[in-house]
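Peer 1: Given next are the chains, with one letter for each unit.
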Amino acid sequence: MSTRSTTARGRACARPKPVLAAVLAVMLLLTGCVTQQGGTTGKLGRAADEVESSLTSAELGLEQEQAGLTLPGAVDTLLENMLKDVNKAASKMGKLSPKDVTERDQQRRALELTGEAEQALASARANLQLPTSTPGTSAESDIQKLSRLADTIGSATEGWTR
Amino acid sequence: MNENGKAPAGKVLDAILHLLDRQIKDTEGLVVSVVDDLEISLPDDGRTLDADAEAPMLTNLLMGPTLATRLFGGQPPPERMMRIPWSDVARVGTVLELRNRAEGLPVRWVEHWLRDHVIARIPGGRHDPE
Amino acid sequence: MKRLLGVALGILTAIGGFVDIGDLVTNSVVGARFGMGLAWVVVIGIIGICAFAHMSGRVAAVSGRATFEIIRERLGARAAGANLLASFFINLMTVTAEVGGIALTLQLASSITYLAWIPVAAFFVWLVVWRVKFKILENVTGLLGLCLVAFAVALFQLGPNWLDLAGQALNPTVPGNESPWTYWYYAVALFGAAMTPYEVFFFSSGAIEEKWGPKDVAQSRINVLVGFPLGGLLSLAIAACAAVVLMPQGITVSSLSQVVLPVAEAGGKIGLIVVLVGILAATFGAALETTLSSGYTLAQYFGWTWGKRHRPAEAARFHVSMIATLLVGIAILATGVDPVMVTELSVVFSAVALPLTYVPILVVANDPQYMGDAVNGRFLNGLGTIYLVIILAAAIAAIPLMVITGAGA
Chain F
1 MSTRSTTARG
11 RACARPKPVL
21 AAVLAVMLLL
31 TGCVTQQGGT
41 TGKLGRAADE
51 VESSLTSAEL
61 GLEQEQAGLT
71 LPGAVDTLLE
81 NMLKDVNKAA
91 SKMGKLSPKD
101 VTERDQQRRA
111 LELTGEAEQA
121 LASARANLQL
131 PTSTPGTSAE
141 SDIQKLSRLA
151 DTIGSATEGW
161 TR
Chain B
1 MNENGKAPAG
11 KVLDAILHLL
21 DRQIKDTEGL
31 VVSVVDDLEI
41 SLPDDGRTLD
51 ADAEAPMLTN
61 LLMGPTLATR
71 LFGGQPPPER
81 MMRIPWSDVA
91 RVGTVLELRN
101 RAEGLPVRWV
111 EHWLRDHVIA
121 RIPGGRHDPE
Chain U
1 MKRLLGVALG
11 ILTAIGGFVD
21 IGDLVTNSVV
31 GARFGMGLAW
41 VVVIGIIGIC
51 AFAHMSGRVA
61 AVSGRATFEI
71 IRERLGARAA
81 GANLLASFFI
91 NLMTVTAEVG
101 GIALTLQLAS
111 SITYLAWIPV
121 AAFFVWLVVW
131 RVKFKILENV
141 TGLLGLCLVA
151 FAVALFQLGP
161 NWLDLAGQAL
171 NPTVPGNESP
181 WTYWYYAVAL
191 FGAAMTPYEV
201 FFFSSGAIEE
211 KWGPKDVAQS
221 RINVLVGFPL
231 GGLLSLAIAA
241 CAAVVLMPQG
251 ITVSSLSQVV
261 LPVAEAGGKI
271 GLIVVLVGIL
281 AATFGAALET
291 TLSSGYTLAQ
301 YFGWTWGKRH
311 RPAEAARFHV
321 SMIATLLVGI
331 AILATGVDPV
341 MVTELSVVFS
351 AVALPLTYVP
361 ILVVANDPQY
371 MGDAVNGRFL
381 NGLGTIYLVI
391 ILAAAIAAIP
401 LMVITGAGA
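Residue numbers (the working numbering), protein chains in the order written: chain F, 1 to 162; chain B, 1 to 130; chain U, 1 to 409.
FYI, nobody ran anything at the bench for these hints, they're computed from the structure.
Source: prediction; values computed, not measured.
Yeah, the Cβ is synthetic: ideal placement off N, Cα and C, and Gly gets one too.
It cannot be assumed that every hint is accurate.
What the hints assert, rightly or not - Here are some chain U residues pointing at chain F (derived, C-beta under 7 angstroms): (1) His-54; (2) Ala-86; (3) Gln-107; (4) Leu-108; (5) Ser-111; (6) Gln-219; (7) Gly-250; (8) Ile-251; (9) Thr-252; (10) Ser-254; (11) Ser-257; (12) Gln-258; (13) Leu-261; (14) Leu-272; (15) Asn-376.
Claimed, not checked - To list a few chain B residues with every Cβ distance to chain U over 10 angstroms, as calculated: (16) Asp-14; (17) Thr-27; (18) Ser-33; (19) Val-34; (20) Leu-38; (21) Asn-60; (22) Arg-83; (23) Pro-85; (24) Trp-86; (25) Asp-88; (26) Val-89; (27) Ala-90; (28) Val-92; (29) Glu-97; (30) Asn-100.
Turn these sequences into a full structure, and let the hints steer you where they fit.
Peer 2: Pasting the structure below:
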């Protein structure tokens, strides 16, 4: 009646220590060997990719809004989220420390374009709140602006993540 | 190990495997508690027993604060120990079943306190779910 | 006829109840970055959850004991206590993610910020746990969750290249701009999203709540074997939608508003409304399940009276602990932390916690002292052992992968 229970408990107790040590050792080894690719340029490139993705998402959302395919809450939330993402990407870019002139130029350019992205998204979101008949605002122009910016960022940061 | 002379079938039980950490249910199947520790009638001044002295008997099931002391050491003060006498145990299976109902037992005080001070204050607490 | 309806209800509820916020977010993220290249993980996860959910229900029905009671009995108070700490923490993370998911969905529908919806969502989760009967809770959220089929409908409306999608699934490759480490990190995350640990606690405790007999076990087998795979197809549809609409445009998913973009694209306002109802139901249902699981695990370890079948006055500690859990969840979300990030972390940590729950179930399912004659057959044991290896591998690999990839960055 008594032996089976001991095996389960015994197994549970015998496993922890050596296994844990092995796992920790492997973890440390791996984190030491594998570093994120690319250094500063790579990190800038990845952040720029995020900005591009946010701009494209916003563009898609606005196109859906134009075509009557979506709900006001959905597109407004989308723009709010994308703006937040771009802000985060901008602060990530700002925190990097460039090692030479090239990297410093890259950081400057990336931050510049990201700043434009933030402005474009913020104004697109503000325009959404306005009634459609207000002159001078057009979802079309917002969409085009976002699209253009996305392309600019894409080509400016081409190859940075390699 | 302990020989359980009071259980109906006179089975031999391993106290750690079959009693410790087991659920205790009352006659109506309501969960009373879990066996957090066991109290045995050993002299606690650490004397070795004579070979022909009376064998130590299981006196009580313990629950509540004894869980923490069992895991981390020490002993709770006697007033805080929650006991169920071994004589109240009717059956030993995968669960321990008592002879009496849960209501009268002192172990229920946390449950009752929370019931009276928290649950009763929230509307609907005394109704069955619908 | 009535029996047929009952069976149908069970299956439909299982389908609708399969997906939660973890599945939604992770499948969409993966679909946008890897296409259908991780579809095989979903398949493995589905088979696993089918086997273990059913096993835990059967163990509970036959032995009359719920999972955490058994864990404490078999592992002893100390090991089970450590298990409880880990399981409860991860469960808490999942509760937070689900409540966050409810709030995000309501924001999508209303334009009112999700922060305002958080207390509302938590309140209604609590209210249902407090007052509503188990069966009703399962059925309503399960059936409404079927609205998630809008993802599948949208996929068809988008007219994708099916051969291409199938090719991605059957011949998985890591895209050029992604590293293999990230691929495997998301494999673990997807696995954790499919095989949620709380499912085991919920299933086994539910079996006892509803006093399952052999007929119920048989019914549950049908529900699980038919319902879960169909639910898994919904997961794949979510990934495919992202693969078809978002991946070509270089969009990576970081918010729920992006997850639904493909459905709006294909199905317009109606499609979007339907899918939002589905997401709301699925996350609400999952929030209920995880909240109950936190109550179940604590109560079963400490020996409190537990169960929704009792009125709250009879299970005071059980209910107080769930209220406390929800309050902590609200507090975490109120700090402004991104609920989607909480979700992404919760699925990875779920993968780490899987062995804690599944190993005891597998062991007890073979113990005649609990199961009598109904111990696992050879097939189920074989399957269980294979999955044990997979689960342990995923659990060990999860944290290192998270560190290496910077949580999938």
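Peer 1: Go through the hint on U/Asn-376 and say holds or violated, using the shortest Cβ distance to chain F against 7 angstroms.
Peer 2: At 14 angstroms from the nearest chain F Cβ, U/Asn-376 fails the 7 angstroms test, so the hint is violated.
Peer 1: Are all C-beta atoms of chain U more than 10 angstroms from that of B/Val-92?
Peer 2: Non-interface label on B/Val-92 holds, nearest chain U Cβ at 12 angstroms vs cutoff 10 angstroms.
Peer 1: Double-check U/Gly-250 for me: the hint is only fine if its C-beta lies closer than 7 angstroms to a C-beta in chain F.
Peer 2: 6 angstroms, holds
Peer 1: With chain F as the partner, please determine if U/Ala-86 meets the hint condition of a C-beta pair closer than 7 angstroms.
Peer 2: Not OK, violated: U/Ala-86 not within 7 angstroms of chain F, min 13 angstroms.
Peer 1: Is the Cβ of B/Asn-60 farther than 10 angstroms from every Cβ of chain U?
Peer 2: The claim holds: B/Asn-60 sits with its nearest Cβ about 16 angstroms from chain U, beyond 10 angstroms.
Peer 1: Go through the hint on U/Gln-258 and say holds or violated, using the shortest Cβ distance to chain F against 7 angstroms.
Peer 2: With Cβ-Cβ at 5 angstroms, under 7 angstroms, it holds.
Peer 1: A closest beta-carbon separation below 7 angstroms is what the hint needs, so does U/Gln-107 meet it against chain F?
Peer 2: 5 angstroms, holds
Peer 1: Please check whether the beta-carbon of B/Ala-90 is more than 10 angstroms away from every beta-carbon in chain U.
Peer 2: 17 angstroms, holds
Peer 1: Is B/Leu-38 truly not at the interface, in the sense that its beta carbon sits beyond 10 angstroms from all beta carbons of chain U?
Peer 2: 12 angstroms, holds
Peer 1: Against chain F, with CB atoms and a cut of 7 angstroms, does the hint on U/Ser-111 hold up?
Peer 2: For U/Ser-111, the interface hint holds, since the closest Cβ of chain F sits about 4 angstroms away, which is under 7 angstroms.
Peer 1: Just want to verify: B/Val-34 was marked as not at the interface with chain U; is every Cβ pair farther apart than 10 angstroms?
Peer 2: At about 3 angstroms from chain U, B/Val-34 fails to clear the 10 angstroms cut-off, so the statement is violated.
Peer 1: Does the CB of U/Ser-257 sit less than 7 angstroms away from some CB of chain F?
Peer 2: 4 angstroms, holds
Hint compliance for this structure: hints 1, 2, 6, 15, 18 and 19 are broken, all remaining hints hold.
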